[in-house]
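J.: What follows is the residue order along each chain.
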Amino acid sequence: MNYIFSPSKNKSNFAGLYSQRMKFIIISFLLINSFFSSAQSYNISGHVKDAQNGEDISGASITIKDKNNKVSTNSYGFYSLALPKGNYEISCQAANFEVYIKEIVVASDITLNIDLVTLVKELQGVTIKEKRSNKNVEKVEMSTVQLSSATIKKIPAVLGEVDIIKSIQLLPGVSTVGEGATGFNVRGGSVDQNLILQDEAPIYNSSHALGFFSVFNPDAVKDVKLIKGGIPANYGGRLSSVLDIRMKDGNMKKFHGSGGIGSIFSRIMLEGPIVKDKSSYMIAFRRSYIDLFFPLSSNDALKKSAINFTDFNAKFNYILNKNNRLYISGYYGRDAFGFADFFATSWGNKNLTLRWNHLYANRKHFANITGIVSNYNYDLGSTQGSSAFKWISNIRFYNVKYDHTYYINSNNTLLFGGNLIYYNFNPGQTDPVVGKSSFINQIKMEKKFALEPNLYISNEQTVNRKLTLQYGIRYNGFAQIGKSSVYTYKDPNNRIAAQITDTTVYEAGKIIKFYQGLEPRFSFKYSLNRASSVKGSYNRTRQNIHLITQTSAATPLDIYWPSDNYFKPQIADQVALGYFQNFKKNIYETSVEVFYKKYTNVIDFKSGAQLIANPALETEMLRGIGYSYGAEFFVRKTEGKLTGWISYTYSRTRRQINGINDDKWYFAPYDKTNNLSITASYELTKKWTIGSNCVYSTGAPITGMAQKFSYQGYTLGQASLRNSIRVPYYFRTDLSVSFKPNKKKYWQGEWVFSAYNITSRRNAYSLFFRQNPDTGATEAVRISVFGSIIPAVTYNFNF
Amino acid sequence: MKNILIKNKVLYILFATSLFLSSCQDVIKVDLPKDQQSSLVIDAVIYSDSFAKVNLTLSLAYFDQTNYPKVKADLVTITDNTVTDTLTEKPVGSGVYYGKSMKGVIGNTYTLKVLYNNVEYTATDKLNRNTHFDSLYFVDFPFGRPGSPYNKFTNISHTDPAGLGDNYIAYFFRNDTAFNTLNDLNFTNDQFIDGNQAKDVYVGRPVKKGDKVRIEIHSLSTNAFNYYFQIINNAVRQQSLFAPPPAPYKGNISGNALGFFKASAVSAKEAIVQ
Numbered sequence: 015m016n017y018i019f020s021p022s023k024n025k026s027n028f029a030g031l032y033s034q035r036m037k038f039i040i041i042s043f044l045l046i047n048s049f050f051s052s053a054q055s056y057n058i059s060g061h062v063k064d065a066q067n068g069e070d071i072s073g074a075s076i077t078i079k080d081k082n083n084k085v086s087t088n089s090y091g092f093y094s095l096a097l098p099k100g101n102y103e104i105s106c107q108a109a110n111f112e113v114y115i116k117e118i119v120v121a122s123d124i125t126l127n128i129d130l131v132t133l134v135k136e137l138q139g140v141t142i143k144e145k146r147s148n149k150n151v152e153k154v155e156m157s158t159v160q161l162s163s164a165t166i167k168k169i170p171a172v173l174g175e176v177d178i179i180k181s182i183q184l185l186p187g188v189s190t191v192g193e194g195a196t197g198f199n200v201r202g203g204s205v206d207q208n209l210i211l212q213d214e215a216p217i218y219n220s221s222h223a224l225g226f227f228s229v230f231n232p233d234a235v236k237d238v239k240l241i242k243g244g245i246p247a248n249y250g251g252r253l254s255s256v257l258d259i260r261m262k263d264g265n266m267k268k269f270h271g272s273g274g275i276g277s278i279f280s281r282i283m284l285e286g287p288i289v290k291d292k293s294s295y296m297i298a299f300r301r302s303y304i305d306l307f308f309p310l311s312s313n314d315a316l317k318k319s320a321i322n323f324t325d326f327n328a329k330f331n332y333i334l335n336k337n338n339r340l341y342i343s344g345y346y347g348r349d350a351f352g353f354a355d356f357f358a359t360s361w362g363n364k365n366l367t368l369r370w371n372h373l374y375a376n377r378k379h380f381a382n383i384t385g386i387v388s389n390y391n392y393d394l395g396s397t398q399g400s401s402a403f404k405w406i407s408n409i410r411f412y413n414v415k416y417d418h419t420y421y422i423n424s425n426n427t428l429l430f431g432g433n434l435i436y437y438n439f440n441p442g443q444t445d446p447v448v449g450k451s452s453f454i455n456q457i458k459m460e461k462k463f464a465l466e467p468n469l470y471i472s473n474e475q476t477v478n479r480k481l482t483l484q485y486g487i488r489y490n491g492f493a494q495i496g497k498s499s500v501y502t503y504k505d506p507n508n509r510i511a512a513q514i515t516d517t518t519v520y521e522a523g524k525i526i527k528f529y530q531g532l533e534p535r536f537s538f539k540y541s542l543n544r545a546s547s548v549k550g551s552y553n554r555t556r557q558n559i560h561l562i563t564q565t566s567a568a569t570p571l572d573i574y575w576p577s578d579n580y581f582k583p584q585i586a587d588q589v590a591l592g593y594f595q596n597f598k599k600n601i602y603e604t605s606v607e608v609f610y611k612k613y614t615n616v617i618d619f620k621s622g623a624q625l626i627a628n629p630a631l632e633t634e635m636l637r638g639i640g641y642s643y644g645a646e647f648f649v650r651k652t653e654g655k656l657t658g659w660i661s662y663t664y665s666r667t668r669r670q671i672n673g674i675n676d677d678k679w680y681f682a683p684y685d686k687t688n689n690l691s692i693t694a695s696y697e698l699t700k701k702w703t704i705g706s707n708c709v710y711s712t713g714a715p716i717t718g719m720a721q722k723f724s725y726q727g728y729t730l731g732q733a734s735l736r737n738s739i740r741v742p743y744y745f746r747t748d749l750s751v752s753f754k755p756n757k758k759k760y761w762q763g764e765w766v767f768s769a770y771n772i773t774s775r776r777n778a779y780s781l782f783f784r785q786n787p788d789t790g791a792t793e794a795v796r797i798s799v800f801g802s803i804i805p806a807v808t809y810n811f812n813f
Numbered sequence: 006m007k008n009i010l011i012k013n014k015v016l017y018i019l020f021a022t023s024l025f026l027s028s029c030q031d032v033i034k035v036d037l038p039k040d041q042q043s044s045l046v047i048d049a050v051i052y053s054d055s056f057a058k059v060n061l062t063l064s065l066a067y068f069d070q071t072n073y074p075k076v077k078a079d080l081v082t083i084t085d086n087t088v089t090d091t092l093t094e095k096p097v098g099s100g101v102y103y104g105k106s107m108k109g110v111i112g113n114t115y116t117l118k119v120l121y122n123n124v125e126y127t128a129t130d131k132l133n134r135n136t137h138f139d140s141l142y143f144v145d146f147p148f149g150r151p152g153s154p155y156n157k158f159t160n161i162s163h164t165d166p167a168g169l170g171d172n173y174i175a176y177f178f179r180n181d182t183a184f185n186t187l188n189d190l191n192f193t194n195d196q197f198i199d200g201n202q203a204k205d206v207y208v209g210r211p212v213k214k215g216d217k218v219r220i221e222i223h224s225l226s227t228n229a230f231n232y233y234f235q236i237i238n239n240a241v242r243q244q245s246l247f248a249p250p251p252a253p254y255k256g257n258i259s260g261n262a263l264g265f266f267k268a269s270a271v272s273a274k275e276a277i278v279q
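Protein chains in written order, with our numbering: chain A, 15 to 813; chain B, 6 to 279.
Honestly, I wouldn't trust all of these hints.
What follows is a set of in silico ranges between Cβ atoms, one per label pair, in the way DEER data are often shown [as the list claims (entries may be wrong)]:
(1) B:T114 - A:D677: 30 to 36 Å
(2) A:D516 - B:K105: 44 to 50 Å
(3) A:A320 - B:P74: 48 to 54 Å
(4) B:K58 - A:Y710: 52 to 58 Å
(5) B:T91 - A:K497: 54 to 60 Å
(6) A:I639 - B:G200: 44 to 50 Å
(7) A:I487 - B:G200: 56 to 62 Å
(8) B:I33 - A:F767: 28 to 34 Å
(9) B:T91 - A:I457: 42 to 48 Å
(10) B:T91 - A:D516: 44 to 50 Å
(11) B:A167 - A:A630: 21 to 27 Å
(12) B:L80 - A:P629: 29 to 35 Å
Calculated pairs, DSS-like style, for lysine-lysine (alpha carbon to alpha carbon, straight line, at most 27 Å) [as the list claims (entries may be wrong)]:
(13) B:K204 - A:K404
(14) A:K167 - A:K754
(15) A:K168 - A:K598
(16) A:K290 - A:K598
(17) A:K461 - A:K415
(18) A:K678 - B:K255
(19) A:K415 - A:K336
(20) A:K612 - A:K239
(21) A:K678 - B:K204
(22) A:K651 - A:K599
(23) A:K504 - B:K204
(24) A:K582 - A:K598
(25) B:K204 - A:K458
(26) A:K701 - A:K655
(27) A:K620 - B:K214
(28) A:K268 - A:K620
(29) A:K620 - A:K700
(30) A:K480 - A:K527
If you are wondering where the hints come from, they were derived from the structure by calculation, not from laboratory data. We put the CB at the ideal spot given by N, CA and C, even for glycine.
Turn these sequences into a full structure, and let the hints steer you where they fit.
T.: Here's what the structure looks like:
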């Protein structure tokens with residue numbers, strides 16, 4: 015009590031210190047308590063698999079009746095938990111699978127591999143047993159949607175083809191600037207802020223045919239998980255979202271194939287065991303074929319033209335023994351587009367992933383080491399006459415990752431690990447074509463190199479039956495390394511190419527600029543009852559590769575640029591809060607989420623920027639801040655004759671960048687206030703199913719013309735402020751009818767008849783302003799990619 | 006000439022690509038931001054061996070279909086820093102002003118001054134050297150409509166003087182008619198061809214036997230080149246799906262006036278299609 019006599023300053027110090035210590039002790043106690051309270055226990059562990067094909071099921075929940083133990087399988091379907099001696103009822107649930115329940119007697123360590131059976135729809139629909147999982151309510155993850163390939167296949171799609179990116183654009187919080195735009199925007203983020211992973215390898219351009227299709231062959235995809243908020247610490251590198259796409263490992267039980275013949279392209283996927291339940295393979299191939307008919311044409315120019323895309327997936331895995339498994343997966347995708355000798359352009363991603371799973375002898379510690387090589391490149395050129403040239407650009411990416419899952423006990427699952435990425439950016443090089451007497455001089459933009467080390471640790475803690483926490487932290491470092499030149503400007507804050515005062519050349523391997531920072535991640539789930547919960551999250555994300563573009567949609571010619579002296583890491587902080595409730599025994603899932611996101615070091619281009627073949631891109635880009643906020647409403651019916659969802663998003667996204675719009679706040683180009691999507695599928699009979707999509711969204715903001723004036727006989731437009739004009743709203747309805755004939759012994763066929771944009775609305779991709787060449791009047795012209803209804807027929811098969 | 010500028014070519018390819026996709030276009034009504042202010046527009050040139058010409062107007066709101074208001078300035082002058090020429094409006098009320106005592110000379114720098122509403126607007130441009138116009142000839146046009154008499158194309162060769170910083174624009178005349186729409190704009194710089202001879206460069210539109218073809222090459226200052234580049238971006242490339250958005254013009258005129266003051270050297274060749 016002597017502090018009564020102390021000066022008040024000391025008192026507050028003492029009290030502050032005391033509370034710090036108390037916090038530490040309480041936290042330590044909680045941790046110790048939860049980590050070690052179940053010391054006298056036995057381990058129950060194993061893999062959760064799909065009974066039909068032996069594929070691992072990630073994210074399945076394992077719970078023990080009347081206990082608050084709860085663990086989830088990791089990305090490789092592994093789980094582990096600890097229980098004291100006794101009798102228990104263990105259950106396992108995953109979306110689209112029947113709930114698995116088993117009585118177990120625990121008297122020693124147990125290996126329990128669980129085979130889940132796919133939910134079979136009860137068409138008569140009278141009795142629906144409590145088979146469906148309430149995962150969406152129970153799991154701590156929020157702002158996350160997992161779609162199985164079966165769900166995606168039910169959505170009617172463009173030109174009759176199922177598409178992953180088009181499907182996720184129907185989800186709340188996900189939008190696109192327009193038809194034919196590649197990529198997608200999540201919660202007010204730009205397209206490059208999505209971490210798109212295909213078997214852990216990054217995909218820089220997720221589209222084929224300038225955005226009409228995505229590069230993921232749906233026959234080869236196992237499942238898709240989109241994380242918009244509460245991003246766990248094991249993911250990093252992009253600000254706004256993670257799209258984690260896992261490909262099928264290959265059927266471990268029997269040979270199987272599927273494919274389709276469509277109006278635009280055909281596809282085939284084959285999978286099967288090499289040694290049953292020990293190793294398997296999966297290969298998939300797609301190719302579009304309009305241009306296969308070009309050589310038949312009588313037109314010489316058309317004969318030499320190309321428009322096509324191809325992709326190829328191959329995967330192999332081998333279970334060495336019960337503790338070790340190897341995977342190799344590869345992807346090759348290419349788009350080509352060209353007309354006669356005039357020009358040819360092609361682009362594509364290539365990647366290779368090697369993985370080794372290892373389960374330690376304690377059966378609690380699961381480790382995975384991954385090596386990834388990826389290359390995204392494009393080229394563009396002309397073989398015509400003396401101006402023949404070829405322009406190439408690429409990003410190479412090498413990544414070594416070491417990830418661990420440690421099932422400390424039934425209430426704590428620890429994830430930790432790290433990785434090291436090496437980037438090699440080639441922003442562009444032009445060469446004259448060899449053998450042609452081209453008068454083009456070679457120009458070469460300097461390559462850029464960078465190293466990015468990351469470390470993370472994260473724990474998912476089931477505090478009690480109601481409360482689950484996930485907390486973690488990620489360390490991100492980024493070093494731009496030589497060889498590279500760095501320009502010094504007269505005024506570093508107002509960089510002008512004509513005012514370069516000095517150039518410093520850094521030798522190979524030398525660190526030019528190093529950035530580092532911590533990314534805290536936190537999520538909680540609090541169950542109100544078995545069918546409802548409240549969830550909240552905060553996450554910070556950092557991004558060190560920047561998409562340099564002037565268009566709001568990604569194009570095949572995107573330039574990626576590393577953080578350097580002038581481009582600082584982009585940082586986003588996001589908070590999200592959600593309420594989740596299921597009705598009618600989990601047949602109806604509903605959720606409401608609100609979010610607020612703040613961006614630092616967001617970039618935008620200067621008006622009139624020259625981005626192609628510019629070695630000093632820092633002179634064309636400006637840096638500032640931004641924010642997004644919004645509310646998302648989601649209702650989904652998962653079972654019965656009618657399935658589908660309604661999603662509505664209200665959101666706004668603005669930026670403030672000095673040098674743009676008089677330094678005032680302005681809308682980001684993908685600010686779309688209202689987004690509504692309805693997708694439904696109705697099973698008329700066992701053979702006939704009808705489906706429909708209906709999409710509405712506010713028009714995107716663009717920069718147009720405000721004034722016009724006369725110069726040298728031309729009428730020229732003077733631009734408006736950035737993004738101050740709106741294109742008309744977007745609206746589209748699609749219909750599909752599918753017919754499944756009776757299954758033959760080894761063959762199941764399916765006809766899909768679809769119609770895209772049945773109202774024939776001319777949705778604006780963009781607007782441009784011109785003087786009409788005939789009338790001389792100045793006018794706004796809408797460009798629409800699809801101005802009418804697009805019918806298509808596809809025949810799908812399974813054997 | 007477009008062929009030799011890779012930047013332009015890249016853009017052109019994107020443009021072609023997107024035209025391929027965007028068959029569907031229509032005119033719609035769009036709301037523009039309110040409170041638009043009209044600006045003075047100065048459209049001024051001085052050619053080698055000619056007097057200066059200046060056209061003064063006001064800008065209009067983009068969808069205003071009336072004629073551009075003509076402007077009467079208080080004073081219009083041009084100087085090469087030694088001699089000053091005062092321009093006169095001809096005819097009175099037209100807003101068009103002509104010089105009468107000083108002709109353009111290669112290598113000189115000219116400054117234009119316009120006094121209007123008590124504000125002095127100034128602009129400076131250099132009359133740059135031109136490329137060497139070597140030859141003009143005709144080649145078969147492979148993509149003409151079968152049976153059309155317009156089955157030839159005009160090619161030129163020119164030799165860029167050594168040293169970077171040369172820019173030029175080509176104009177095409179068929180039977181004394183200029184083909185000079187925005188889509189015909191054809192200009193380049195020597196970034197990729199410095200000091201080289203550029204051969205087989207397509208210029209203009211298809212021609213038929215017997216046509217009289219005239220090609221003019223005008224030199225441009227780097228500022229003028231950049232201005233034309235802005236015209237391409239704002240007025241021609243906008244139809245492309247991948248077009249960068251329009252950007253406010255940055256000319257060489259002080260204050261908030263629009264337009265450009267251009268000084269150019271001119272060389273020309275003529276031939277009859279055989």
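J.: Take the hints in turn and mark each one as holding or not.
T.: Hint by hint, here is what the structure shows:
The hint said 30 to 36 Å for the Cβ distance between T114 of chain B and D677 of chain A, and at roughly 34 Å that hint holds. Take D516 of chain A and K105 of chain B: their Cβ atoms lie about 49 Å apart, and the range 44 to 50 Å holds. The given range of 48 to 54 Å is respected by A320 of chain A and P74 of chain B, whose C-beta atoms sit roughly 52 Å from each other. One distance hint, 52 to 58 Å for the beta-carbon pair K58 of chain B and Y710 of chain A, holds here, with the actual separation near 54 Å.
In this structure, T91 of chain B and K497 of chain A meet the distance hint of 54 to 60 Å, their C-beta atoms being roughly 58 Å apart. Between I639 of chain A and G200 of chain B the Cβ separation comes to about 47 Å, which falls inside the hinted range of 44 to 50 Å. Between I487 of chain A and G200 of chain B the C-beta distance comes to about 58 Å, which sits within the given range of 56 to 62 Å. Between I33 of chain B and F767 of chain A, the C-beta spacing of about 32 Å keeps the proposed range 28 to 34 Å intact.
The hinted range of 42 to 48 Å is satisfied by T91 of chain B and I457 of chain A, whose Cβ atoms lie roughly 46 Å apart. Look at T91 of chain B against D516 of chain A: about 46 Å separates their beta carbons, and that is inside 44 to 50 Å. Distance hint for A167 of chain B and A630 of chain A: a CB-CB separation of about 25 Å, consistent with the stated range 21 to 27 Å. One distance hint, 29 to 35 Å for the beta-carbon pair L80 of chain B and P629 of chain A, is violated here, with the actual separation near 44 Å.
For the hint linking K204 of chain B to K404 of chain A, the alpha-carbon distance of about 18 Å falls within 27 Å, and the restraint holds. Between K167 of chain A and K754 of chain A, the direct Cα distance comes to roughly 14 Å. Compliance with the 27 Å bound is thereby established for this hinted pair. In summary, the hint linking K168 of chain A to K598 of chain A is supported, as the alpha carbons are separated by about 22 Å, within the 27 Å threshold. This hinted pair does not check out: K290 of chain A and K598 of chain A have alpha carbons roughly 40 Å apart, beyond 27 Å.
For the given pair, K461 of chain A sits about 25 Å from K415 of chain A by alpha-carbon distance, which is consistent with the 27 Å threshold. Using a Cα cut-off of 27 Å, the hinted pair K678 of chain A and K255 of chain B holds, with the two alpha carbons roughly 20 Å apart. Taking the CA atoms of K415 of chain A and K336 of chain A, the gap is near 22 Å; set against the 27 Å cutoff, the hint holds. At most 27 Å may separate the alpha-carbon atoms for a hinted pair to count; K612 of chain A and K239 of chain A meet this at roughly 24 Å.
Proximity of K678 of chain A to K204 of chain B is assessed by CA-CA distance (about 49 Å); at most 27 Å being required, the pair is judged violated. Of the supplied pair hints, the one linking K651 of chain A and K599 of chain A holds, its CA atoms being roughly 11 Å apart against a limit of 27 Å. The suggested pairing of K504 of chain A with K204 of chain B is violated, with an alpha-carbon distance near 40 Å, which exceeds 27 Å. Between K582 of chain A and K598 of chain A the CA atoms are separated by roughly 50 Å; this puts the pair beyond 27 Å, and the hint is violated.
In summary, the hint linking K204 of chain B to K458 of chain A is supported, as the alpha carbons are separated by about 23 Å, within the 27 Å threshold. For a cut-off of 27 Å, the pair hint linking K701 of chain A to K655 of chain A stands: about 12 Å separates their Cα positions. With a CA separation close to 48 Å, the supplied pair K620 of chain A and K214 of chain B exceeds the 27 Å bound. The hinted pair formed by K268 of chain A and K620 of chain A fails the criterion: a straight-line CA distance of about 58 Å is larger than 27 Å.
Restraint check for K620 of chain A and K700 of chain A: the C-alpha separation of about 58 Å exceeds 27 Å, so the hint is violated. Annotation: proposed proximity of K480 of chain A to K527 of chain A is violated, straight-line Cα distance about 46 Å (limit 27 Å).
Comparing the model with each numbered hint stated earlier shows that hints 12, 16, 21, 23, 24, 27, 28, 29 and 30 do not hold.
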